[in-house]
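Enquirer: Listed below, chain by chain, are the residues.
There are 2 protein chains.
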Amino acid sequence: MQHTDVNTLGEFGLIEHLTRDFPLRQPSTLKGVGDDAAVIDNGPFCTVVSTDMLVEGIHFDLAYVPLKHLGYKSVVVNLSDIYAMNAFPRQITVSIAMSNRFSVEALEELYAGIRAACDAYNVDLVGGDTCSSPKGLTISITAVGQCEKELLTYRNGARPGDLICITGDLGAAYLGLQLLEREKRIWQENPGVQPDLENQKYAVGRQLKPEARRDMIEAFRKNELKPTAMIDVSDGLASDLFHICKQSGTGALVEESGVPIHPDTQMLALKFKLDPITCALNGGEDYELLFTIDPNDAEKVKYLPDIYIAGEILDAKDGIKLNTKGGNLHELKAQGWVHF
Amino acid sequence: MQHTDVNTLGEFGLIEHLTRDFPLRQPSTLKGVGDDAAVIDNGPFCTVVSTDMLVEGIHFDLAYVPLKHLGYKSVVVNLSDIYAMNAFPRQITVSIAMSNRFSVEALEELYAGIRAACDAYNVDLVGGDTCSSPKGLTISITAVGQCEKELLTYRNGARPGDLICITGDLGAAYLGLQLLEREKRIWQENPGVQPDLENQKYAVGRQLKPEARRDMIEAFRKNELKPTAMIDVSDGLASDLFHICKQSGTGALVEESGVPIHPDTQMLALKFKLDPITCALNGGEDYELLFTIDPNDAEKVKYLPDIYIAGEILDAKDGIKLNTKGGNLHELKAQGWVHF
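Line order of the protein sequences matches chains F and E.
This note's numbering puts the last residue of the first sequence at 340; the count rises by one with no breaks.
This note's numbering puts the last residue of the second sequence at 340; the count rises by one with no breaks.
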């Protein structure tokens, strides 16, 4: 058998390659592979399904991630995908494979975090699987949500002229990870040294205990705002904007000055000799929402807290560009996280 | 932190322990943890969700399981859980974590098997995740099905006097696995020797390419038969009957002469110096249906092919017993598969 390295395709290319020949035959399948979640028709309300797998040594490092935080985050990243469809999560299933180095007490910690997320987001744990693994911990979570059919928001609805909006702020989770990785390296070389997180609670918190933007979806409903396209920022602004532009068949112009970055993130980026905008564009794991709105809805967005207008959707031929604070136009590249 | 070995609780005990404090708050959650699948209310039709994780070195051995068969079986075992709710599967999501020893071609083989199962059972692949793992292959599949609310069949509906029914035949998958394991050991010791599967196509096929009993659920609908309780036989007849009895609050009497065992299974068991009924009771992986019916429905079942009446539900105080062909009463034990 030929041996083609999976790296040659990249994560998204690989999924696309493996799933392209699968037909959709069920009349209830409204959306299959390729958005934040799949959509199943159930009459006036649709069922929205999203799934994620987290693998020890790839997605998390138990050297600095407490199990309770890991449980919480594992749930939140899935709920974030449901919110990114403009839907509300209702149920989750949790499957765990773990080696015998994990005790009942360790699993209780993990499930305490899962429970805390269920409490915070009002979702029910309804099923799953617990099994052994020869090595390490793997967590697979599936979230099930609900949405009125006419309110579903896909990645493919952006049109030239639409405004690009971002919630919260970007780049902090990436820098939090850099800090934790640095302290781990120092500790490995000098086990006596206490970790110095430099009182960077904000960035570390964004990495270890992210939240999904349920509040935004609630605010959209209250203000009768329906985005034209939406995605959650899990791979970095650049990569996630590429998904919207590719599926909508558009280009985009992002203003660097419009990309929200927390002051602590700015400072920390400089300490790591990184450009803050690079962290926002390529960092990922922020779990904020990136969405586009009809320009007629601009007034509605202006009165909502924590939403920033960061640019405009263009024709596909105009490409996907960043206008820097210095006034230079840069072609954006979708780097994102490459796990392979 | 205290270190309690997970083996002290067992697989089912562990799930029960970890999930017992999770409240169900969503009005749409009709059934949470503890049946073949969770049930979500969507008006006249309910959504049924089941998830399973398969780990290399625990649930499968790529030394003798072809990747295409693995893909097929991974889907089938999930669909089997949906059928066991008296529901029809419609969609699946597939998440894969694999080490870099797997090539694109190997994944194509795996997905060819997944595709074949989607074709055979008319389900849509609607989502998933593909990621890297430091070691081995882990597959997590979630199946989503649909059922009219009044036709849902849980594990807890059996009543004393109900008849115990089994589809197909039991024990072959377990013996197929013994045969494959034996040939693997011989091959490891003498790499020159060709595997001798003794023309045991039936048992090997039942292990490598099981099917879910969609035909039975279709027959139930056609004949207006609604079982009072149902489960799929994944852990062995004894263990799965225990689940029904425990949740229904009943006992049971199984007639050894009523338990269907294929002639090839009988012969192969004897070659391995095993009692065929032990293979049926404790082997597992048959993916047949074990269900109970009201005695008034006995006539309906008699005219359906491939269903065997194997005993009767009793009061809880009567225990769970096997009446052997020799006329002895044995207390049944729920051994099942212990993976930890």
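Note that these hints are calculated values from the structure, not bench results.
Quick reminder that beta carbons are idealized off the backbone N, C-alpha and C, glycines included.
Keep in mind that the hints are not guaranteed to be accurate.
[To be verified] Listed below are several chain E residues computed to face chain F (Cβ distance under 10 Å; list not exhaustive):
#1 Phe-45
#2 Tyr-111
#3 Val-126
#4 Ser-140
#5 Pro-195
#6 Asn-199
Enquirer: All hints are to be evaluated individually against the structure, with a verdict given for each.
Expert: For each hint, the structure was consulted:
For E/Phe-45, the shortest C-beta to C-beta distance to chain F is roughly 7 Å, which falls under 10 Å, so the interface hint holds. Here the hint on E/Tyr-111 is kept, as its CB sits about 5 Å from the closest CB of chain F, short of 10 Å. Look at E/Val-126: its Cβ gets to within about 4 Å of chain F, closer than 10 Å, so that hint holds up. Interface restraint check: E/Ser-140 against chain F, minimum CB-CB distance 4 Å, threshold 10 Å, status holds.
Look at E/Pro-195: its Cβ only gets to about 19 Å from chain F, farther than 10 Å, so that hint breaks. At its closest, the beta carbon of E/Asn-199 sits 27 Å from a beta carbon of chain F; the interface hint therefore is violated under the 10 Å criterion.
The structure fails to meet hints 5, 6 from the earlier list, while all remaining hints are met.
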